[in-house]
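Asker: First to last, the sequence lines map onto chains A and B. Every letter in the first sequence is one number past the one before it in our numbering, and letter 28, counting from 1, is 28. Every letter in the second sequence is one number past the one before it in our numbering, and letter 217, counting from 1, is 614.
Incorrect hints may appear among the rest.
[What the hints assert, rightly or not] Mimicking DSS-like on lysine-lysine, the simulated pairs with C-alpha atoms at most 30 Å apart in a straight line are:
1. A:Lys164 - B:Lys569
2. A:Lys172 - A:Lys214
3. A:Lys164 - B:Lys561
[Said to hold, decoys possible] In silico negatives: residues of chain B with every beta carbon more than 12 Å from chain A:
4. Gly568
5. Lys611
6. Gln739
7. Arg789
Everything labelled a hint here was simulated from the structure, so no lab data went into it. Bear in mind that the values here come from a model prediction, so they are computed numbers and not experimental data. Note that CB positions come from ideal geometry on N, CA and C, so glycine has one too.
Residues per chain are reported as follows:
Number of protein chains: 2
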Amino acid sequence: MSTAARATRLDAAFSLDYGYAVHFTRDAFDPANPVLVEALRADAADGVARVLPVVDSGLLEHHPDLPARLAAYAAHHADRIALAGEPVVLPGGEASKQDPRHVEEVLDAINDRAIDRHAYVLAIGGGAVVDAAGYAAGIAHRGVRLVRMPSTVLGQNDAGIGVKNGINAYGKKNFLGTFAPPVAVVNDERFLTTLSDEDWRSGTSEAVKVALLKDPAFFAELERIAPAIAARDLEAMGVLVRRCAELHIEHITGNGDPFELGSARPLDFGHWSAHKLEQLSHLRLRHGEAVAIGIALDSTYALLDGMLADDDWRRVLALFQALGLDLVAPELEDPALLAGLQEFREHLGGLLTVTLIDAIGSGVEVHEIDLGMMGQAITRLQAASAELDATRGTAKG
Amino acid sequence: MSTAARATRLDAAFSLDYGYAVHFTRDAFDPANPVLVEALRADAADGVARVLPVVDSGLLEHHPDLPARLAAYAAHHADRIALAGEPVVLPGGEASKQDPRHVEEVLDAINDRAIDRHAYVLAIGGGAVVDAAGYAAGIAHRGVRLVRMPSTVLGQNDAGIGVKNGINAYGKKNFLGTFAPPVAVVNDERFLTTLSDEDWRSGTSEAVKVALLKDPAFFAELERIAPAIAARDLEAMGVLVRRCAELHIEHITGNGDPFELGSARPLDFGHWSAHKLEQLSHLRLRHGEAVAIGIALDSTYALLDGMLADDDWRRVLALFQALGLDLVAPELEDPALLAGLQEFREHLGGLLTVTLIDAIGSGVEVHEIDLGMMGQAITRLQAASAELDATRGTAKG
Chain A
1 MSTAARATRL DAAFSLDYGY AVHFTRDAFD PANPVLVEAL RADAADGVAR VLPVVDSGLL
61 EHHPDLPARL AAYAAHHADR IALAGEPVVL PGGEASKQDP RHVEEVLDAI NDRAIDRHAY
121 VLAIGGGAVV DAAGYAAGIA HRGVRLVRMP STVLGQNDAG IGVKNGINAY GKKNFLGTFA
181 PPVAVVNDER FLTTLSDEDW RSGTSEAVKV ALLKDPAFFA ELERIAPAIA ARDLEAMGVL
241 VRRCAELHIE HITGNGDPFE LGSARPLDFG HWSAHKLEQL SHLRLRHGEA VAIGIALDST
301 YALLDGMLAD DDWRRVLALF QALGLDLVAP ELEDPALLAG LQEFREHLGG LLTVTLIDAI
361 GSGVEVHEID LGMMGQAITR LQAASAELDA TRGTAKG
Chain B
398 MSTAARATRL DAAFSLDYGY AVHFTRDAFD PANPVLVEAL RADAADGVAR VLPVVDSGLL
458 EHHPDLPARL AAYAAHHADR IALAGEPVVL PGGEASKQDP RHVEEVLDAI NDRAIDRHAY
518 VLAIGGGAVV DAAGYAAGIA HRGVRLVRMP STVLGQNDAG IGVKNGINAY GKKNFLGTFA
578 PPVAVVNDER FLTTLSDEDW RSGTSEAVKV ALLKDPAFFA ELERIAPAIA ARDLEAMGVL
638 VRRCAELHIE HITGNGDPFE LGSARPLDFG HWSAHKLEQL SHLRLRHGEA VAIGIALDST
698 YALLDGMLAD DDWRRVLALF QALGLDLVAP ELEDPALLAG LQEFREHLGG LLTVTLIDAI
758 GSGVEVHEID LGMMGQAITR LQAASAELDA TRGTAKG
């Protein structure tokens, strides 16, 4: 019998429906606030959701009463929620993604406290803590339930509302991770009021990004409200966070590739250099700060390439300035920066795909980047930034 | 403004289609055999699939020419396949799932050899090696592509063809893992010819299991071909492997819950005790051997509970004996065995759900197990096994 004649096959095919809600609320731990208890849907026989809280140490500094308030909330809803012990505290910022021991701390607690596939990890904190806790939840028992409460602008409008988790390894951002949609996301704007100015403004760059890629009206709105945001107006920030989150959710659910099986990564505008700048700065640069520089750089590349009009380019730089975000960092001159393009290709797989813009609100994919021209873009951006600094105060917001 | 009035929500909802083929072939590394090259679909610009091989050390002992034959196969198909270096060799058997360093070895290679989300891990070996390599593939870059070539009966009819991966941690089977369907599975029956007698027969218990749960005609077929299988007839084993794989695929794709979000785990018949017996025996018992004992035990429980007829119960025990599988092990007397029920509940989450049978080919779920009766079932099974041993040779197959 020939080999070909012997070969037979079975086909395994199925579809899965995914769904989760992103809630916007104020003071989620007010016992009268029903959002969190409704997010923690229990299907155990007794109707009580068992919950392991994981909390960001930086958030705890500003909200030292958080564990007590969470415990009081759970006690008030004892028929629906049972906390599985005290919160696991992870270090705020990228540190929680840099050292695998923090994921192990969450896994230890999942094991010790018998968190099963019908119980919850409740991850409360910045994007990095939510990512690390979400990764632990994603791999324990092949996935325990996750409810995220992102506490930063970046977390609430981007990192905390999507379908990914991850930690860094081998010196690479998010080398380890899974696609694992949460059960729910609860965005509590109360957390935003205690952010440092740096965290407050750095989260806005992802909103600028999605506006540049998809929504010129939102970009114009951001130009209008940038001064209020820079002055820490919570209502103005609420407009930014909600619309940015909405555009992200539309992207995830509407692009046909939520788990990124293709080569395209249309929301990664400015991100190849942003990831590298963060590393080269040894995390001195926040993700959002690096993204602002990355977008400014790739916009400048698009300008030099003749793809983007000078006027649009100036609006991009001016908006970042109005939001208080720097356009450059010393790491732009590190020769290792351009190696980030190759790493980015590897992370995507296959073809290099970089998203640029050819107008405000119009993203386009390119598959070739001229390294020489990218070098010129760095020089041009540095010059433009110096000029803007010199005229700061007279520039229009 | 009241809290309730402020609360707003966005809903993220999407569907994903999953699909993969399970191929049955003989001598997949024959350059004339197209199955593997077709399974390694490339979408890189050059049409070449980059492949990191991960191979089971136990398989290598019996097939020392495997790396050379794989390299020759890739060279013959150089327009379609490029090997990313020599195979990573993982220890055969449960050892590769017991020590997280083996997952790290695969992750190191994925990083060192720049395996991206469009490149492949080709996992070749027993169920444990395929599980460990698959876990590494599942978490690197949030999932690189995986093609599995299970080399054992158990791998080809069960462990290697589904949607899960995992390793052991905290002394618990598969504590860490993900749901990550492979791109394809290639079952090469040539690998079965070099299995030890223990590995050959231990893989048959999963076929007995699915027959007992779902297919009385398959069970009768197994009774008929058991002597040929015990005599290492490859054609008879092919019948068992293919029908068992088919029932598994039908289950995964047809039950509406391939990623096991509910409490039910209908294919885990006999598995609460099997997992525990493996641990208590310090892995002296193979998974399939433990499953045979676990099924015999839960069938005996069903008998004592009045759920299963005496005649059906005897057929279950007789088939395992005809296949050369033991019905008991000293670990049945370990008091820690019954603690396995609680661990099983935790792993499932929520409600305890154990699948029993009320007839050959008819699985039923129960949510209560009487520990006293389970103790009696152990005693009854030990007695029945001793009786069968005494009459071995005269018993009908």
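Asker: It remains to establish, for every hint, whether it holds in the given structure.
Answerer: Now the hints, each set against the structure:
| no. | hint | result |
| --- | --- | --- |
| 1 | A:Lys164 - B:Lys569 | holds (26 Å) |
| 2 | A:Lys172 - A:Lys214 | holds (28 Å) |
| 3 | A:Lys164 - B:Lys561 | holds (19 Å) |
| 4 | Gly568 | violated (9 Å) |
| 5 | Lys611 | holds (16 Å) |
| 6 | Gln739 | violated (9 Å) |
| 7 | Arg789 | holds (36 Å) |
Hints 4, 6, counting from the list given before, are not met by this structure.
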